[in-house]
Each structure stands twice: as structure tokens, then as C-alpha cells.
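Chemist: Residue-level listing of the chains:
There are 2 protein chains.
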Amino acid sequence: MEITPQKIAVIMAGGKGTRFWPRSRSARPKQFLAIAGTETLLHQTVHRLEGAFEPQHVFIITTRELADETRKMLPELPPENILVEPEGRNTAPCLALSLVEIERRIPEGVMVVLSADHWIGDTEAFIQDVDLAVDHAASHQELVVFGIKPTYPETGYGYIEAEGPESAGVQKVLAFREKPPLGVALQYLESGRHYWNAGMFVWALSDFRKALLEHCPEVLTPLDEWTSQGADEAALTAIYGRLPRVAIDVALMEKARNVALVSTHFRWSDVGSWPAAIEFQEPDANGNVVQGQAILLDVKNSAFFGGTRLIAASGVSDLIVVDEPDALLICHRDKAQSVKQIVDRLQQEGREDLL
Amino acid sequence: MEITPQKIAVIMAGGKGTRFWPRSRSARPKQFLAIAGTETLLHQTVHRLEGAFEPQHVFIITTRELADETRKMLPELPPENILVEPEGRNTAPCLALSLVEIERRIPEGVMVVLSADHWIGDTEAFIQDVDLAVDHAASHQELVVFGIKPTYPETGYGYIEAEGPESAGVQKVLAFREKPPLGVALQYLESGRHYWNAGMFVWALSDFRKALLEHCPEVLTPLDEWTSQGADEAALTAIYGRLPRVAIDVALMEKARNVALVSTHFRWSDVGSWPAAIEFQEPDANGNVVQGQAILLDVKNSAFFGGTRLIAASGVSDLIVVDEPDALLICHRDKAQSVKQIVDRLQQEGREDLL
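Heads up: the protein sequence lines correspond to chains D and V, in order.
For the first sequence, counting from 1, position 92 maps to 558 in the working numbering; every step adds exactly one.
For the second sequence, counting from 1, position 271 maps to 737 in the working numbering; every step adds exactly one.
Accuracy of the hints is not assured; some may be wrong.
Any copy will do: because identical chains look the same in the list, a pair fits if it lies in one copy or spans two.
Below, a list of computed lysine-lysine pairs in the BS3-like style, where the Cα atoms sit at most 30 Å apart [to be verified]:
id	residue 1	residue 2
1	K538	K766
2	K806	K676
3	K806	K766
4	K615	K645
5	K615	K806
These are computed hints drawn from the structure, not numbers from a lab.
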């Protein structure tokens, strides 16, 4: 009889999420918003693990700025399981810090790296895929990445090229590919061997340590020294501030050779923009989606994310309206990416009150 | 040397103005809004008379509901010059009540009837036209109406058919015409003898009394009885509530034969809708008009009547956006008349808080 390895979840929850302005703010990032259901994405991410992970083995890693609110939002987790980055420095330092923090508490286990601000359908399929990846990582000492089967030639995601064919649901990874131009994305889509990289990883603590030390010791070694010196919280700020700002994909995954891919069987969305959030709402007969109270006359294909105020609209179509007490967004559905420009403008104008 | 007759202004200020929802409300009608300049329409109407009328000869008539606020807004007028209708019952009762109230204070004079919620350009030309009308009314014992030269075939106004040609700026009126269908409005426009009826009248107190008694005694007689019984305010409510709801045009002007028209030399607008209000704002290079703070990206031909909140818009055109703390209107420029439907809906839904 095989022994099930200890499963540890690490949920990265330090995202800023300016793309949901004006609803998302620096102190209220995307993972704190209920934009893909009635629960926040953070709550959904944690609750999805219920029954499959012990609460004391579910860790959140977030920035100092967001830690208190995150702890408050998740009374079901031990408060000390909310790990704190002094600041956001991309995913390699984030996961290396998670590693050393978890190693101090749990000597052995398999770490499942998840994002707090993604949506996942089909919890059962998700847990099955996780268990498959955990078993594979534990039994093969490999770094496992989840691969999402692409459904269209998205140019905003990184891709993973797998060798194929699958053996027991797992295949070898040949390469990680940066966000492609459209022509390349189309080739990827046709190849049948390219998967979206959703930034979800599974690896044994010991294998992750080994791989970091081999491929990017500059990320792990300073943290190991910090641990050996007593892991003083104040000391971490200076050490962490000198770690390279680098993604785990670049620092580790692109270099490691023992990487395997589990192609997923659950529906997934990174809920990357307002139009993506609209997909989670049931439209009325005119294609409109309403949160809050609205009177709509001759309105089509529009979305109203309101609050307590009444929104009355007439003779408009293809709009996204987001209504917050201090700011209002009115945007053509095809122009949702311009939210970034608006946020940039607010930064230039020093409107920290709105960011 | 001719004696200049005593000029008395009566400004009707009981309008409800639902067409400017959500900025206009039952307690904040159109005349209280600064929608055609930096001052409210009421203030503009009163200030336009400065120098030409004695403050004690400027009267406002409004409803009980609006009287306190109107008095507060106009400290430059004697408080007792704010005349109070127990309720709005159209212009014939309103002007008959004005007559009996003014007669108690001023035995003789010429009454100039104005609206509190119209915009008038060229104050000098306006005062000249007023003086011409006052002199004519006083010297000819006629009821004078101002006629606005039509510039397009408006179907929302009543018209006045004049006999022409003018003699010393005045001509005889042949008929008052109801709001016409478009074909008729086009004929009126071509005739050169039809004028818009802006509801501005000039007549001696004594001539007005005589005409009311002749053509609609049912409007004046009960008020005369009320006066003879001591003009008790509480008694007025019951008496006023039984007066016919009728416009002065129908009750009097269409029947009287001693009616003259002064064609105006000032610019005029009844500021009847949000698109009309936009005309008073200077658009930017993209045809946009902004009140308040806005970030506009690729926005054209739109108007933003904001408040303290930031409005950010992207990729939209031909919108009217009106932002109030408790309600938001987003409306295609060509659909501004649907504000009425929205207000009707709110009434049906019992949303008095928003009306």
C-alpha cells in the first residue's frame, strides 16, 4: 500500500489587480473581490481545498500591506499560516520564502502552489488533478506544472510545450514559452502539445529546495542564512529587499530538466479583466448583466457592476459600468484594457486616494 | 412727457422639472439647478431684472413645498415677495393668485410674467423688449405676449399666429396654436407670422383683472371672495384646491381679443432637457463637456455632469452621464427624453427617495 504524501497548499495572494479598477484598489486587490461568484476569489480558493487539505497545511503568502485583512478574511485558517512577504518581488522570492517558512513547521511534504485570484470550476476534477500531481511529484521527484488545454490563441499567457503523449496523465515538459505573438499562439493552439501556464506547481519540499539551490541559489541562500540567524522578522525586510525580482518560471522552471506536466480536467480562468468577470454572470434576455439596482431601457450587451446607488441607463450598448462610492468607470466592452491607462494616469496625477 | 408705468415682475417658479433627473428632484426642480451657466436659472432670472425693476416689485410665485428654499436662495428680495401657491394648479390659478396678492400691495402697475426656469441671453435686449411691451400694454390696454421667432420646426412648443406687419415692434395676435405636428410646424416656420409661445406676458393689473373676469371668472372670483374675507392663508388651501387646473393660454389668451405680440430680440431657451443644457457648455476638441473631474480616453461627443466622484470613461461616444450621490444616469444623447420613462418607473416602484 502506497503512503499518501503530506499535501501542503501555498496560495499566492499578494496580487495588486489594477485591472479591476475602480473596484480593485491597492488595499483591495482582485483576490478580495467577489467577481466570479458570490464569494471572493480568495475565499473560493481556500474553500476549494476543504476536505482535501488539513487547514493547518493551507498557507497563504501575501504582502505585509494585505496580511491583516487576509487573516481577518480567513478565520478558518491558523493565523500563523498567513505568511508575510515584506514586499512583492515576483514569484521566485515569494515561493522561496514560503519554502523556508513551511520547512520550519513541516519537515516533509508536497507543496501545491496556487493563485488566490484565479477561478476554478469542478472542484472534484481539480482535487483529482492535484492528487495525481502530488503522487507523481512524490514518486518521481519531479517538479510538476499544471497545463491548461488552450481553447483559443491567447497572447497574454505563457505556454508550456509538452512532449506527449501522456502516460498516466503526466507528460514530460520540453520548454516554457513566453507570451507569444498571435501567429505563434495559433501554431501552439494547433500543435496539441502546448498548454497555458497558469502558474500552478506541485513539488516535494525537498525537490523544490534542491532545484532552487541548483538553478537560482541567489534566491534561496539569503533566506537560508536568515533562517540560520534566527529568522527575525525585522531582519527579513532588508534581506528580502535584495532578492532578485524574478518569476519562478524564469528563475527555475525554464532551467530545470525534471519537469512534468499534468494536463488539467477542470475549468479555469485567471479572471483577468472586467469582460472575463462578466462571463461569470448570467445575462438577461438583452445580454445585460446587473449587480446592484438598475433601470435599463433599450440597453444591450452591457454590464453594470453597481453598489447601493440606482443606475438608470437608456439607449446604450456594449458598455461596462463599474460604480464605486468615489469613482465611476464607463467603458466600451472592447476597451477594458484601457483601465490600465486610467490607473497609470491616476498614478501620474498623484491620486493615491483612488488607487 | 410720458409717465413710465410701474413695472412689476412675476416670476413663476413652481416647476417640477423631472426632465433633469437625477439632478432635478421634487425638492430640487430645474429652476434650482445651474444647468445654463454658473448660477441657478432662478438666480439668473432674478438678477437679469436688476436695475430695471425695484426689488420690492419683483415677485416669485412658487408652491408651498418650494417656498422656504426659494426665500433662502433669494435674500435680495423681500421675503413677503415670495408668493405661495398651496399647490401647483397650472398657470391660470397661479397668475390669478399673483394678481390678488400684488393688488393688495401695489394698486397700479404693469405685470411682467416670466418663468424661473428659462434661459435668456442678451439682458439689454431683453429689458428693451420688456420696456416696449410694458409701454404698449399701459398705453393700449392690451394683453401682450412675447413671441420668439422660431429657428426650426419645434413640435414641443405652442405657437402664436400674428397678423403682421409690426408697428413700432408690436403686432396684433390672430390666434394661439397648440403644439403642432411636424408638417404644421414646418408651415408655421415658413409663414414668418408664427412665433413660439414662451409663456411670457405683459399686462396692466387692471387689464388682467378685467380679462380674467370676462373670460374665466371661475378662476378669479373665488380668490376675490377669499380676499374680501380677510385672505386667511389656511382658508386659501381649500379654495385654491377647487380652482380649475388650466393654463392661462387656454383660460384667457385664446379667448381675449385685445392681445398683442412683441417679437423678441434676445436669445431664449427653455432648457428643456439634458441635450439643451449641453448647449450651454463649451465642448473640448472631442466635443465633450465635463462638469466635475473626469479622465476621458477616446471619448467623443459626450457630456459628463459629475459631482465629487471621479468619472473615468473609455471608448464611448454620444453619451450623457449624470452622476448624483444616490443615482446615476447613463443615456444616449438621442434618448434624453427617456428620462421621463425612468422617472415614471421610479414612481411606479414607489422610489420617492429618488424623486
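Chemist: Next, verify each hint and record whether it holds.
Modeler: Hints, verified against the model:
no., hint, in the structure
1, K538 <-> K766, "neither (39 Å within a copy, 44 Å between copies)"
2, K806 <-> K676, "neither (39 Å within a copy, 70 Å between copies)"
3, K806 <-> K766, "both (25 Å within a copy, 20 Å between copies)"
4, K615 <-> K645, "within (15 Å within a copy, 65 Å between copies)"
5, K615 <-> K806, "within (28 Å within a copy, 51 Å between copies)"
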